Amino acid sequence: MADIATPPRHLSTFQLQLRRFAGNHLAMASVVVLALIVALCFLGPHAFPFTGEDADFDYISAPIDFTSPHLFGTDDFGRDLLVRVMEGGQVSLTIGFLGALTAGVIGVVYGAVAGYLGGRADRLMMAGVEVLYGFPYVILVILLGLLFGGGTVALFAAIVFTLWLTPAVIVRAQAQSLARREFVEAARAGGMTRAQILLEHIVPNCISVVIVYGSLLVPEVILSESFLSFLGIGIKEPQASWGNLIQAGTSAMDTDLRLLLLPGGLLAAVLFCLNFIADGLRDAFDPNER
Amino acid sequence: MLRFVARRLWGGGLTLAALVTLTFFIMRLAPGGPFSRNRKVSPEVLENIKRAFHLDEPIWQQYARWVWGLLHLDLGPSTRFRDYSVGDLIASGLPYSLTIGFWAIVVAGLVGVALGIAGALRRNGATDYAAGIVGVIGIAIPIFVLGPLAQVLFALKLNWLPVGGIAAGWRSLILPILILALPNIAYISRLTRSSMIEVMRENYVRTARAKGIGPRRVLTGHILTGALLPVIAYLGPATAAIITGSILIETVFAVPGVGRHFVDAALNRDYPLVMGITILYGGLVILFNIATDLLRGWIDPRVRSHG
Chain V
615 MADIATPPRH LSTFQLQLRR FAGNHLAMAS VVVLALIVAL CFLGPHAFPF
665 TGEDADFDYI SAPIDFTSPH LFGTDDFGRD LLVRVMEGGQ VSLTIGFLGA
715 LTAGVIGVVY GAVAGYLGGR ADRLMMAGVE VLYGFPYVIL VILLGLLFGG
765 GTVALFAAIV FTLWLTPAVI VRAQAQSLAR REFVEAARAG GMTRAQILLE
815 HIVPNCISVV IVYGSLLVPE VILSESFLSF LGIGIKEPQA SWGNLIQAGT
865 SAMDTDLRLL LLPGGLLAAV LFCLNFIADG LRDAFDPNER
Chain E
2 MLRFVARRLW GGGLTLAALV TLTFFIMRLA PGGPFSRNRK VSPEVLENIK
52 RAFHLDEPIW QQYARWVWGL LHLDLGPSTR FRDYSVGDLI ASGLPYSLTI
102 GFWAIVVAGL VGVALGIAGA LRRNGATDYA AGIVGVIGIA IPIFVLGPLA
152 QVLFALKLNW LPVGGIAAGW RSLILPILIL ALPNIAYISR LTRSSMIEVM
202 RENYVRTARA KGIGPRRVLT GHILTGALLP VIAYLGPATA AIITGSILIE
252 TVFAVPGVGR HFVDAALNRD YPLVMGITIL YGGLVILFNI ATDLLRGWID
302 PRVRSHG
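Line order of the protein sequences matches chains V and E. Sequential numbering from 615 applies to the first sequence in this note's numbering. Sequential numbering from 2 applies to the second sequence in this note's numbering.
Keep in mind that a hint or two might mislead.
[Claimed, not checked] Here are some chain V residues the structure puts well away from chain E; computed CB gaps all over 12 Å:
1) 629
2) 661
3) 712
4) 720
5) 804
6) 806
7) 809
8) 819
[What the hints assert, rightly or not] List of simulated lysine to any residue pairs, SDA-like, C-alpha gap at most 20 Å:
9) V:850 <-> E:264
10) E:212 <-> E:196
11) E:158 <-> V:872
12) E:51 <-> E:86
13) V:850 <-> V:708
14) E:158 <-> E:130
15) E:212 <-> E:227
16) V:850 <-> V:665
17) E:158 <-> V:869
18) V:850 <-> E:268
19) E:158 <-> E:127
20) E:158 <-> V:865
21) E:51 <-> E:63
22) V:850 <-> V:762
23) E:212 <-> E:223
24) E:51 <-> E:268
25) E:158 <-> V:866
26) V:850 <-> E:269
27) V:850 <-> V:737
28) E:51 <-> E:62
29) E:158 <-> V:762
30) E:51 <-> E:91
31) V:850 <-> E:265
32) E:158 <-> V:875
33) E:158 <-> E:173
34) V:850 <-> V:767
35) E:158 <-> V:868
36) E:51 <-> E:77
37) E:158 <-> V:871
38) V:850 <-> V:667
39) E:212 <-> E:200
40) E:212 <-> E:225
It should be emphasised that the hints constitute simulated quantities derived from the structure, not laboratory data. Predicted model, so just to flag it, every value in this text is computed and none were measured. Using N, Cα and C, we set each Cβ at its ideal position, and we do this for glycine too.
Please build the complete structure, drawing on both the sequences and the hints.
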C-alpha cells in the first residue's frame, strides 16, 4: 500500500489504476477463478474421448462416479454431464464477452459521435435511444430472438441490440464535456478533421468510463443468454448452454440434483467473479464513486 | 410542474407507440406463423382459418385493423386458445402476476431499505456483512437457479410449502414472492447504504447535529429524506426488473400468470396475445417510469429543472 501512496514519477494514470486494482484481493482472486473456469471450459473437453452430443448407451443417467469414464455422470440420453457443461460454458462465455465487447463498441461510437457533434444530430440520436430505453428489455430480447430465428447468432444479435444503450448514454455525457475542453479546441484550431478528433481525442478519453461499465455488461449478457435459453427461446438442444442445461436440470431436480447444481453452480461462480471484478475496476478507475 | 408532466406523458406515449409498431412488425417478420405447427390441414381450410383471423390481408391493413381495435380496447382473439380473447387471457393471468409483483416490490422495498440503513449506521458490523452477503447472492445467483433450489429445500425436503401451482392459495405464492424479491432486496440495500453514507457526510446533516437535534430525528428528518431519493428513482427500473423476473418465476413455479402466457404466446406465434401482453408490460413500465419521475420532481426541485 505504501508505494501507492507515494507513486514513483514515471507511472501513468493507467498504470496507477492497474496497481490499485491489483491491490484488491477479492477482485484479483475473482480474476484467477474466472481464468480457471474459462480454461476448464475451453480446454477441458479435449481431455475426453467423446463430445457432449455423443450418447453412451451403457451409462444412461449414470450418477457421479470418478472411476467411470463419466466423472459427473450422464443425463438421461447418456451424454456426459461434465463435458456438456464445459461445452455449454464455451457458448455462454463467448456470447458474454463478445456480446459485451460489441455492445460496448457500438455504444462508444454512437455516444461519442452524438456527444461531440451536439446540436440537432445529438438530439435526434438521443431521442432514438430514449425511445428504445423505454422498452421493457425482456420483451425486446424475446421478440428479437424470435425474429432472428433462434440459434447462437440470433441470440447474440438480440442481446447486443438491447444492451448498447447504456454505454451510449454514458459515453455521450463524457464526450459532451470533452468537446468543450481546451485540448479539443486546440486540435480543431490545429486543423484536425472532426473524424480525427473523434478517434484520437474523444474516444480514448472515454475508455476508462467504458471499462468500468463494460465489466458490468459481461455478467448482464451472460445472464440474458442463460435466461433466454432457460425459457427455450435461446440456444436449443442438442447444443448445450448453461441456460438450457439448468432448464434440463430443473425438470429432474426431484430425483437428481446434480444436473441442476453443476451448470447452475458454474454460472453463479462466473457471475460472482464478474461482479467482484466490476466492483474492483470501479474502485480502481473511479475512486470518487465509492 | 405542469409542463414537466406534459412532457413526460408525451414522451411516454411516443415510446409506447414505437413499441407497439416495432412489436407488430417484428412478430410478422419472424419466421413461422401461428398455424405452422398445427397438424396438416388442407390448403382451403388453412385459407379459411387465415381469413377468419384477417391474416390474408396486406400487412399494413392488419396493422391498421389492430390499432383501430386497440383504440376501442379490443385486443382481438387469441390464435391459439380457441374461444378466448386476448383480453380474457390477460384478465385470467393478471391477478396472479399482480399479486406476486406487488408483494415482491413491497418486501424488496422494506427489507432492502432496512438492511441498507442498518449497514450504513454500523459500517462493517455484523448486519452490514450479512446484508453484503445477501446482496452478493441476490445479484449473482440467477432466480432460475435459486427458485428450483428453494423448491427442493422448502417443498420437497422440508415439506413446508407447495412446490408450485396455485392450488394451495396464498401459501403457494410465498416462495415465488420471496425469490422474486431477493435480487431487488440486494439492489435496494446496496443503493440505500451507499446513498446514506454519502448523505451522512453532507453539511446540512452536520448542521442539524450541531443544532442539538437528537440522532433519531436527524435520521428520520434529515438523512433519510435525502438518502431515499435514489431509491425512489429505482422504482421505475424495479418495475421492469419485476416483470422480467416474473416471467421466469411463473415458469419455474408453474403459476398461470401473464408472464407464462407471454413466453408460450411468443413460442407459438400467437400474434394477438403477444401484442396484448407487450402493450400491458410496456404501458406498465412506461407508466411507472413517468410516476417515478413525477415523484422525484415533486420531492426534489433539481430534477424538475433538469429533466
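Each hint tested on the structure:
1. Every C-beta of chain E lies more than 12 Å from that of residue 629 of chain V, the closest at about 28 Å, which supports listing it as non-interface.
2. Residue placement check: residue 661 of chain V keeps its beta carbon more than 12 Å from all beta carbons of chain E (closest about 26 Å).
3. Annotated as non-interface, residue 712 of chain V keeps its C-beta farther than 12 Å from every C-beta of chain E; the closest such distance is 20 Å.
4. With a least beta-carbon separation of about 18 Å from chain E, residue 720 of chain V lies farther than 12 Å from that chain, consistent with its non-interface assignment.
5. A cut-off of 12 Å between C-beta atoms confirms that residue 804 of chain V is not in contact with chain E; the least separation is 35 Å.
6. Listed as outside the interface, residue 806 of chain V is consistent with that label: its C-beta sits roughly 33 Å from the nearest C-beta of chain E, beyond the 12 Å cut-off.
7. Taking the minimum C-beta to C-beta distance to chain E, about 31 Å, the non-interface status of residue 809 of chain V holds against the 12 Å cut.
8. Separation of residue 819 of chain V from chain E is adequate, the least Cβ-Cβ distance of about 24 Å exceeding the 12 Å criterion.
9. For a cut-off of 20 Å, the pair hint linking residue 850 of chain V to residue 264 of chain E stands: about 15 Å separates their Cα positions.
10. Among the hinted pairs, residue 212 of chain E with residue 196 of chain E is inconsistent with the structure: their alpha-carbon atoms are about 23 Å apart, more than 20 Å.
11. The straight-line distance between the Cα atoms of residue 158 of chain E and residue 872 of chain V is roughly 16 Å, inside the 20 Å bound, and the hint therefore holds.
12. Taken as a hint, the residue 51 of chain E and residue 86 of chain E pair is honoured in the structure, with Cα atoms around 16 Å apart against an allowance of 20 Å.
13. The hinted pair formed by residue 850 of chain V and residue 708 of chain V meets the criterion: a straight-line CA distance of about 16 Å does not exceed 20 Å.
14. Restraint check for residue 158 of chain E and residue 130 of chain E: not satisfied, since their Cα atoms lie roughly 29 Å apart, outside the 20 Å limit.
15. Taking the CA atoms of residue 212 of chain E and residue 227 of chain E, the gap is about 18 Å. The hint holds against a cut of 20 Å.
16. Between residue 850 of chain V and residue 665 of chain V the alpha-carbon distance is near 17 Å, which keeps this suggested pair within the 20 Å criterion.
17. Between residue 158 of chain E and residue 869 of chain V, the direct Cα distance comes to roughly 11 Å. Compliance with the 20 Å bound is thereby established for this hinted pair.
18. For the given pair, residue 850 of chain V sits about 13 Å from residue 268 of chain E by alpha-carbon distance, which is consistent with the 20 Å threshold.
19. The suggested pairing of residue 158 of chain E with residue 127 of chain E is violated, with an alpha-carbon distance near 30 Å, which exceeds 20 Å.
20. Taking the CA atoms of residue 158 of chain E and residue 865 of chain V, the gap is near 16 Å; set against the 20 Å cutoff, the hint holds.
21. Between residue 51 of chain E and residue 63 of chain E, the direct Cα distance comes to roughly 12 Å. Compliance with the 20 Å bound is thereby established for this hinted pair.
22. Taking the CA atoms of residue 850 of chain V and residue 762 of chain V, the gap is near 14 Å; set against the 20 Å cutoff, the hint holds.
23. Between residue 212 of chain E and residue 223 of chain E, the direct Cα distance comes to roughly 13 Å. Compliance with the 20 Å bound is thereby established for this hinted pair.
24. Of the pairs offered as hints, the one joining residue 51 of chain E and residue 268 of chain E holds, with about 19 Å between alpha carbons and a cut-off of 20 Å not exceeded.
25. Taking the CA atoms of residue 158 of chain E and residue 866 of chain V, the gap is about 15 Å. The hint holds against a cut of 20 Å.
26. For a cut-off of 20 Å, the pair hint linking residue 850 of chain V to residue 269 of chain E stands: about 16 Å separates their Cα positions.
27. Between residue 850 of chain V and residue 737 of chain V the alpha-carbon distance is near 41 Å, which puts this suggested pair outside the 20 Å criterion.
28. With a C-alpha separation of about 14 Å, the suggested pair residue 51 of chain E and residue 62 of chain E falls inside the 20 Å cut-off, and the hint holds.
29. A C-alpha spacing of about 42 Å is found between residue 158 of chain E and residue 762 of chain V, which places the hinted pair above 20 Å, so the restraint is violated.
30. Taken as a hint, the residue 51 of chain E and residue 91 of chain E pair is broken in the structure, with Cα atoms around 23 Å apart against an allowance of 20 Å.
31. This hinted pair checks out: residue 850 of chain V and residue 265 of chain E have alpha carbons roughly 16 Å apart, not beyond 20 Å.
32. Distance restraint check for residue 158 of chain E and residue 875 of chain V: the Cα-Cα separation of roughly 16 Å lies within the 20 Å cut-off, and the hinted pair is therefore satisfied.
33. A threshold of 20 Å between alpha carbons decides the hint, and for residue 158 of chain E with residue 173 of chain E the separation of about 16 Å falls inside it, so the pair holds.
34. Of the supplied pair hints, the one linking residue 850 of chain V and residue 767 of chain V holds, its CA atoms being roughly 12 Å apart against a limit of 20 Å.
35. With a C-alpha separation of about 9 Å, the suggested pair residue 158 of chain E and residue 868 of chain V falls inside the 20 Å cut-off, and the hint holds.
36. Simply put, residue 51 of chain E and residue 77 of chain E have alpha-carbon atoms about 14 Å apart, close enough for the 20 Å limit, and the pair holds.
37. Restraint check for residue 158 of chain E and residue 871 of chain V: satisfied, since their Cα atoms lie roughly 12 Å apart, inside the 20 Å limit.
38. With a CA separation close to 13 Å, the supplied pair residue 850 of chain V and residue 667 of chain V stays within the 20 Å bound.
39. Between residue 212 of chain E and residue 200 of chain E, the direct Cα distance comes to roughly 17 Å. Compliance with the 20 Å bound is thereby established for this hinted pair.
40. Note on residue 212 of chain E and residue 225 of chain E: the hinted pairing holds, with a Cα-Cα distance of about 18 Å set against a maximum of 20 Å.
Hint check: violations occur at hints 10, 14, 19, 27, 29, 30; the rest are consistent with the structure.
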